[in-house]
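Numbering (my numbering), first residue to last: -8 to 300.
Worth double-checking, as some hints may not be accurate.
Here are the simulated distance ranges between beta carbons [claimed, not checked]:
1. G139 - A170: 19 to 27 Å
2. P222 - R61: 43 to 51 Å
3. G89 - D242: 21 to 29 Å
4. A170 - R235: 22 to 30 Å
As a list, the in silico BS3-like pairs of lysine-lysine whose alpha-carbon atoms are at most 25 Å apart [said to hold, decoys possible]:
5. K258 - K239
6. K238 - K261
7. K175 - K160
8. K258 - K234
9. K239 - K261
Keep in mind that the hints were calculated from the coordinates and are not lab data. Remember, predicted model here, so these are calculated numbers, not experimental data. Think of the CB as a built atom: it goes at the ideal place given N, C-alpha and C, for glycine as much as any other residue.
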Amino acid sequence: MTKSKATGVIARPGDTIGILGGGQLGRMLAIAAADLGLDVHIFTPEQDSPASRVAKRTWVAPFEDRDALREFAASITAATIEFENVPVDAVDLIEDEGVPVRPNGETLSRAQDRLAEKTFFQEIGIEPANFARIDHPDQIQPELSRLGGSGVLKSRFAGYDGKGQVRLKGAIQPYPAWAEVGSKMAILEAWIEHDFEISVIAARSATGEFVPYDPPENDHSGGILRKSTFPSRATPAIIDEAKRLAKKLADELDYVGVLALELFVTKDGKLLANEFAPRVHNSGHWTQDACFTGQFEQHIRAVCGWPLG
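Given these sequences and hints, build the entire structure.
As structure tokens, then:
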């Protein structure tokens, strides 16, 4: 797994930025890049994707198409991703072609595996909800009891927007629950009776410059973000601690770009990490209108090696 060490300017106005993924976040990134004088090429498996409509050129091919990825890499100066489930092999191939990808494959590998993510949180001193690794349905009930009798069973890989997870409480039928998360490796997380949830969206440059936004308060339904409210109910002390945790995460990852750290605020004011997204985030759309430098421009600046806004 390769890791770019470039810390200076790697792209200038007139150069071409590549974006892996063609969704709505990719579209917003492409618009921000164009506003900064950059051309944008998109690589996506989807025909007629939102991002392709605003890009100079689009490659439509599977992420497993190594020849197409090499051709794409040859056309760009630097690359980024618009969603965290881009295959790590695709990112590594582009870096092997001499094109820095920010964030890199090492970061994506942690974000794509919920067990690796939670373990990493613990290793760097960020507290998640209690959790257990689940490799077989017969483990579910004993671990659920150990975690207090209430939890969420989640697939370890490829979960997003509430997919691949099921709420469990008390005596349960483990095999139907296992089937609901795809009958694959899973993680069981203790249910958190939290007061509210916030997310810290922050940018970090290759030189370690760190610029966080104040966190919005997020409301989810069915595992999907429905509303972000800014300012949140978080106290100044909670906001400062949330930003500290986000900086800790970004520094330990040697992260470049914008990321989001989702945090539960418990009823006694404690912060517990839910997950992190190595990309621009839906809870940060407000930054486009409320801030001098929104999250999409900030991300492009970091990817290019420019000073942050």
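Here's how the hints hold up against the structure:
no. : hint                    : result
1   : G139 - A170: 19 to 27 Å : holds (24 Å)
2   : P222 - R61: 43 to 51 Å  : holds (46 Å)
3   : G89 - D242: 21 to 29 Å  : holds (26 Å)
4   : A170 - R235: 22 to 30 Å : violated (41 Å)
5   : K258 - K239             : holds (24 Å)
6   : K238 - K261             : holds (18 Å)
7   : K175 - K160             : holds (20 Å)
8   : K258 - K234             : holds (19 Å)
9   : K239 - K261             : holds (17 Å)
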